[in-house]
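Using the sequences and the accompanying hints, generate a full structural model.
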Amino acid sequence: ESRHVRQLNFTVPTATTSVEIVATITGHGFNQDTANCAEFCDHEHHYTMGTHSTYEWHPIVYDSEGCENEVRNGVVANQFGSWPFGRAGWCAGQDVEQWTYNITDWVDTSANNTNHMVYRGYYNGGEYVPSDGIGNGGRNIRAVVWIVFYGPTT
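When you number the sequence shown by this note's numbering, it's gap-free, plus one each residue, and the end is 154.
Do not take every clue at face value.
Derived CB-CB ranges, DEER-like [to be verified]:
hint : residue 1 : residue 2 : range
1    : Pro-59    : Trp-146   : 39 to 49 Å
2    : Gly-74    : Val-148   : 19 to 29 Å
3    : Asn-78    : Val-22    : 46 to 56 Å
4    : Asp-108   : Thr-153   : 22 to 32 Å
5    : Arg-142   : Val-118   : 17 to 27 Å
6    : Trp-57    : Ala-15    : 26 to 36 Å
7    : Ser-64    : Asn-112   : 44 to 54 Å
FYI, nobody ran anything at the bench for these hints, they're computed from the structure. Virtual Cβ for every residue (Gly too), placed ideally from N, Cα, C.
Printed below as a string of structure tokens:
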């Protein structure tokens, strides 16, 4: 494991009917290197189990009016500074949406069987290395990721 790769082994509880990846991932801090990471760069979050894979990304960062165009969806308008620009996973004043992906077909639900998931965080298809050698500065990615099991309700 590294700061870019995490792994998880898990078993599926009895009576589970559905399994999802649920993630809340946002980037913060900018102007510390040429990539403008992590607030204004498109970091990618890849999840793999066996031959299955999916990923979350933030294409809104490519739009200089990305957050401004989201005012109708809860962004607080007319703030100072860079509020109109698209950001990685969030816009000022707007609820951060959780990303979900159904992996029910990926998992082995048989008793005593372990499932193995690998997470990788990327920028431009590879592990992020600050381009100017100044270290981490004020950049960070806040990631909270769960495997959520759903079952019958009583």
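- Query: Should the hint that Pro-59 and Trp-146 are 39 to 49 Å apart at their CB atoms be regarded as holding?
  - Reply: Given a distance of about 23 Å, which is not inside 39 to 49 Å, the answer is violated.
- Message: Tell me if the beta carbons of Asp-108 and Thr-153 are separated by a distance inside 22 to 32 Å.
- Response: holds (24 Å)
- Query: Between Arg-142 and Val-118, does the beta-carbon spacing fit 17 to 27 Å?
  - Reply: holds (20 Å)
- Regarding Trp-57 and Ala-15, is the given constraint of 26 to 36 Å on their beta-carbon distance met? holds (34 Å)
- C-beta pair Ser-64, Asn-112: status relative to the range 44 to 54 Å that was hinted: holds (53 Å)
- Mind checking the hinted window 46 to 56 Å against the Cβ distance between Asn-78 and Val-22? violated (33 Å)
- Does the Cβ distance between Gly-74 and Val-148 fall inside 19 to 29 Å? Once the Cβ atoms are compared, 24 Å apart, the range 19 to 29 Å for Val-148 and Gly-74 holds.
When the structure is compared with the earlier hints, violations turn up for hints 1 and 3 and for no others.
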